[in-house]
Amino acid sequence: MRYFTVSKNIREAENVNTLEFYDSINIIPGQFIMAWVPGVNQIPLSFSSTGSPKSITVKVYGDASAKIAGMKKGDRIFYEGPYGNGFNNIAGKKLVIGAGSGIAPLIPLIDDDTTGIISGKTAGDIILASKFNPDHLIIATDDGTAGRRGFATEAMREIDIESFDMIYACGPEVMLKAVFDYMKNRDVKCQFSLERSMKCGIGICDSCSINGFQVCHDGPVFTLEQLREMDEFGRTKLTYSGKRVFF
Amino acid sequence: MLETDIGIKLENPFILASGILDENGYTVKRVLESGAGAAVTKSIGSSERRGFEPPVIYSDYNYTINAIGLSNPGIEDYGNEIKIALQAGKPVIGSIFAQTPEEFAGLARKMEGYGAYAIELNLSCPHVNGYGMEVGSDPELVSAIVSEVKSKVNIPVYAKLSPNTSDMMKQANAASKCDGYVLINTIKAMKIDINARMPVLSNIYGGLSGRSVKPVGIRYVYEVKKETGKNVIGVGGINTLEDVLEYIMAGASAVQIGSAVSSRGIALFSDLSLELEKYMEMNSISRVKDLVGVAIR
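Quick mapping for you: the protein sequence lines, in order, are chains L and C.
If you're matching positions, the first sequence starts at 1 in the numbering used here and goes up one per residue.
If you're matching positions, the second sequence starts at 1 in the numbering used here and goes up one per residue.
Simulated from the structure, these hints should not be mistaken for lab results.
Certain hints may be false.
Stated by the list, open to error - In silico PhoX-like cross-links for lysine-lysine, where the CA-CA straight-line distance does not exceed 20 angstroms:
(1) L/243 x C/226
(2) C/226 x C/289
(3) C/177 x C/230
(4) L/121 x L/54
(5) L/73 x L/54
(6) C/170 x L/243
Unchecked claim - Per the computed footprint, the stretches of chain L lying under chain C, defined by three or more beta-carbons under 8 angstroms from a beta-carbon of chain C, are:
(7) 85 to 97
(8) 176 to 190
(9) 233 to 243
Virtual Cβ for every residue (Gly too), placed ideally from N, Cα, C.
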């Protein structure tokens, strides 16, 4: 396996850290690595910066993410990858919509004219807001502890989404489905980065599949048009064992 | 021209191997629609099983080592996946794993009821205690499993055997009541990361597949075909048409492909069909059958 050497650990929130490193690896925004914590686990992580320095932003969910979030300068992040197709980053007026740590892989796409919507359950879930021009940012929380009360889709109602050249969205599939439903009959172009249970990262184990496409290999980024054809989207998925469950 | 017969008729000899892209019915359907002649399901057991924690796969240009750990949703929940897969209108072969003849037979009956065209007995997974290879290396048990399953289903039964034992023919003879052999399963192996100074796979050991195992697969296909004359399905390290021809000339009536899907994508099934057709035209061969075992001496 290859590894990055951590140059800086930045605390973003109570349970979210950004790890910076310098490396010549070529990364398309939206691609991810399978980060390996020896003896613990291996988890998918995407890049919150693809320039120099590069960075990954990790939210603590379990033992492996906790170990990575606690890394210090000089520690090594072992990985395989980068994997996946990444976003098609266009020049033009962009809207990015991220839920919780789903905002991280969208950060490399933003410029001064980019509008952002960051949503979360509560104020503590809102991260990386400082990366946006404050005039072009809407924050929404379920409990109203930061920004507007409500889901990302309610924040979308406040803006003319048809005025954007491209919309990028990332977050849990239930949230993406709500965003998709809001947009599906409008004249918009959108790319969605999906999250599903990943094991192999190379498109053969089938645990992250959606309608026969592998999220790790054919995605994680799919267009609005592609998702229109996928009746599994937001409806059913496979658990870690391979059992089909409904969202 | 590419039709072949392994107890079931296939429109071409290219089958998706068990354990690769075959957990979700939609994926199997997509692979079949993209050109595979048939698909084998992931190995399914009596109950839901989580499998091992990642890393479960290490892959290089020449090889892949996996220890997924027989993760599966359990037989009761798998009928719906097969139903989705069968919408492609092509054969789906149900792979099953268990410990006793009765348990194997129960799974096989369920698979038959779900519409599987044939059964593949996993007697050879090398990385899960109590299953696969451990069951398959006991000739008496293998013989009892094959007899019991054969007596309970009316569809062909294939025995997938392990290259990890000293005598393949002992296994093949023990499984002689089967309708065909699937050779080979992966070879027990491991990978150490020199920087982490640790085995990479969480299970430490996994099963080796990919280009590196092809010569081993060819040898066993040749040996078992020569000795038994029964149908053999070749699997292990198939990437190119040359690999396919080697397996067929060694005695395989069809081949299964797994690891190569990662590098060549699912288009490889239709690509290989076109390449094989072209080869047969150029060499005036009208049936795949005419090539099977031609190298056997």
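Legend entry - Hint check, failures only: 1, 4, 6, 7 and 8
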